[in-house]
Every structure is written in C-alpha cells, then in structure tokens.
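On the provided structure of chain A, position chain B as indicated by the hints.
Protein chains: 2
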Amino acid sequence: MNNGTKKIGKLFGIGVGPGDSELLTLKALKILKEVDVICSPRASRDQDSTAFSIVFPLISDIVDDIDIISPVFPMKEDEKELESYWDEASNLIALKLDEGLNVAFITLGDPSIYSTFAYIHKRLKNSYEIEMIPGITSFTSCASNINEILVEKDEILIVVPKVDEKFEDFLINGDSIVLMKPSRNMKSIDKIKDKINAEVYTVKNSSKENQEIIKGFSSDKSYFMTSILKLKK
Amino acid sequence: MNNGTKKIGKLFGIGVGPGDSELLTLKALKILKEVDVICSPRASRDQDSTAFSIVFPLISDIVDDIDIISPVFPMKEDEKELESYWDEASNLIALKLDEGLNVAFITLGDPSIYSTFAYIHKRLKNSYEIEMIPGITSFTSCASNINEILVEKDEILIVVPKVDEKFEDFLINGDSIVLMKPSRNMKSIDKIKDKINAEVYTVKNSSKENQEIIKGFSSDKSYFMTSILKLKK
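Residue numbers (UniProt numbering), protein chains in the order written: chain A, 1 to 233; chain B, 1 to 233.
Among the hints, erroneous ones may be present.
Claimed, not checked - Under 7 Å between C-beta atoms, here's a sample of chain A residues computed to sit facing chain B: (1) 22; (2) 26; (3) 110; (4) 112; (5) 118; (6) 143; (7) 150; (8) 154; (9) 161; (10) 162; (11) 186.
Just so you know, the hints here were simulated from the structure itself, not pulled from any lab data. In this text, all values refer to a predicted model and were calculated from it rather than measured experimentally. C-beta: ideal position from N, C-alpha, C; glycine also.
Just chain A, with the same shape it has in the complex (with noise of 0.2 Å):
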C-alpha cells in the first residue's frame, strides 16, 4: 500500500581525517558503502577531490554503483561569489535528497572544525534530516605525527585559523596553541616572533606519503599545513 508520502533522504556530513585512508572510523566506512550518492568538494574544476582520493581506495570495488557528485568550492577569498558556489553546492545536494536517495558529503578532518561540510550544513539544516560523522581532526594527528601530548590535566588548548591582536593574548593564557593553516600567517608571526616562547612544530600533509615534519615555522605556501606551538611556562 502506498499512503503518497514521499520519502526524503537523509544527509550525513562525513569527517574523512587528515589523508590516510586507513584514519577512517568503522562508521564512516559504512555509511559510506550504504549511501546512494558521495558528495565530494573539489577546489576547482581541473582538480580532484582530496577528500574523495582518501576514500577511494576503501571503496573502490563499489565505486561503479555510487552517484558521485564533486561541486566546486573554490578556495577564494571574496565571500559574495564563494555564496553563490555554496548555494549551488546545496541545491544539487538538497535536489538528490528530494529524489528520496541519502547523500554523504565528505568533508576533510572533522565536519564540526573548519571544513567545507559548514557552508552546506548552514543551508540545509533546517529542511533535511542530517547527522555528522566525526573524524580525525588534523591538529590531533599532527601531535601524533610530532609524537607529542597537546594537552594534559589542567591546560588549555587553543585552536586559531588566524594571527591577530587576540594572538598574544593566547600565548599568555593558553598552554598549546594549533595555528590552522600557518602559510597564510607567516607575516603577522614574522612580527610577534619575539613573543613566542614556545616549541614550534609544523606538518605538512599530515598522515599523507609526502609528511613532513619541520622544526619551526615554515615558509612554505601549502594549504596542507598545521602549526603546534607548545608553550613555555
């Protein structure tokens, strides 16, 4: 009997780790291999997903029967046009999801801390059903990469994607501080570096086959990177 309800999909926002495939959890895997459609966000056309290659190869023997959909989201900084990028994102997911079919957007690291999985979350929340699925943050696998202990009994950590006036004030009250995407910082470091009391430790591709570990901060320009300042007391 069919009462005319329409079936929805649900979404579910899939925290994929740092680059190992094998820092997937069990659950993502499974729903992963149980969804009608992977969401994939690459940075342009040109380019493939990141977050699809470190699924890939856990998939790959299914890969034929999935719908995979991979909508830009370009890394820019002008807010006015990544809207409209998100938005498109949103309507070619929320359209797969009225067709009745569950939808995994996967997303690097974890869907609650920094990731593209955001923008979409903002859009849709409030008309489909979804639930996140947590991953391995990159801070955290780059302590394990540096094998060092981010914070015990009383510290505090601290998580920044930017170096501003607020900066100081957390290398005074803070005990680690992750720096988020340090390329992009190196300037306003260069200018508190006397400040800093701290053993610095970034990686590059965290967990991937090209890691690397550098002593200090980096001048490098990759997206890929991560900062841990663990502070002297």
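Quick look at chain B alone, frame taken from chain A:
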C-alpha cells in the same frame, strides 16, 4: 644467524574514541589485531576498563591470543599518590617491551588530548619507540551529537578543563569553548553565569547507547560529560 641484538618491542598509544566501537579508525583496529599485548587502564580493581569495553566487540574473536594487562589509574586528585600508579603501569609496559613484545596502550578519545596515555608517554618516550594513533576526541563527537558546527572561517576554538580567571577572558576572545568534565566546574560556572552569553549544550556518554543531550549545563556528577559553549557575539 643470530647477531645477538635483542629485539625491543614498540609501544602504540591508540585513541579508541569516545565510546561507540564504530568510532575506532581502521588503523587503530589493524594495530590492535597485530600487537602482542593490549594495555587497558581502569579506574579501580573492581571496575572493568572503559577503553577495553570499546574495543572488545571488534576483537572478541582473537582476544584469547592477546596478552591483556589492566593497570589501575585511579581518579584521585593527589598528584603524588597518582605518580606511583603511573610509574607502576609504565614499568609493567616496559617489561613487556623489553621482552620484544609490541604493546598497544588504549586510551579514550585521542592520545594527545587529556588522555591517560600522556603519563605513560612521558615516562617511556626517551627509552622506547612510540607511535601514537589519533582517535576521535570527545568534543568533536559531542558536536556531531548536537548537530552543530564548532568553528568555521576565522573562528577560534578553546578547550578548557577548568573554569578559572582565564575563562572570562576566553568568553570574550573565543567563538566556541569546550569545557571538559563540566561536573567538577559547576561551582565556578555558577559564579560567572551572568557573563556567559552563549548557546550551551552538555552531552553525557557521547556516542554510547545511554547518550543524553542537555540544553545548558548539568548538575550531573558524571565523568563522561562535555559542555559546548557557542558564544554569541
């Protein structure tokens, strides 16, 4: 040919996530299946290890072939008394490593974030090869549970285990604050309640079958709670 060099084992510090066995990574599970010894901390002689209860369903078929040791890490405040427990556990692990056995120390959440592994790491890192395997932290799991983004764009995330004079500063300079183990901070929270302009969520037993989401803080005394403050600006 035996060249007389004694094989020394390797120590893995493995994050097993917040509670749901499916939140283990593929890598963590692979290593657990390969090691000779699993070391799972427990709070007292009368209690089972929480970390072990998370991994057990995944390795139940091979558990008889693995040497399992469960040193006690009591939840006490007296640092000096605790030191002796940590020393004892480290010595126990060192004995196994000296026998040439590979040991996996399993720890809730991630090994770099307020983990029991930190105390072992400190004692053994200069004498033995250690590899840390990142895990899902309680706070990204909680963010997924409440279906909220923690930080996006230039926002700042601050993770604190204690509410003290610095906390008021963080209420101004942060965007999202994670308060670990809020139960031991409720008196301090009560005192500054009027200064907290935030959406507050508390998650108890994140990702477990008995998970609870509380809007606001909770007077519950549970150890397995985390509060998330999304500050209003």
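- Going through the earlier hints one by one, which of them does the structure break, listed in rising order? 11
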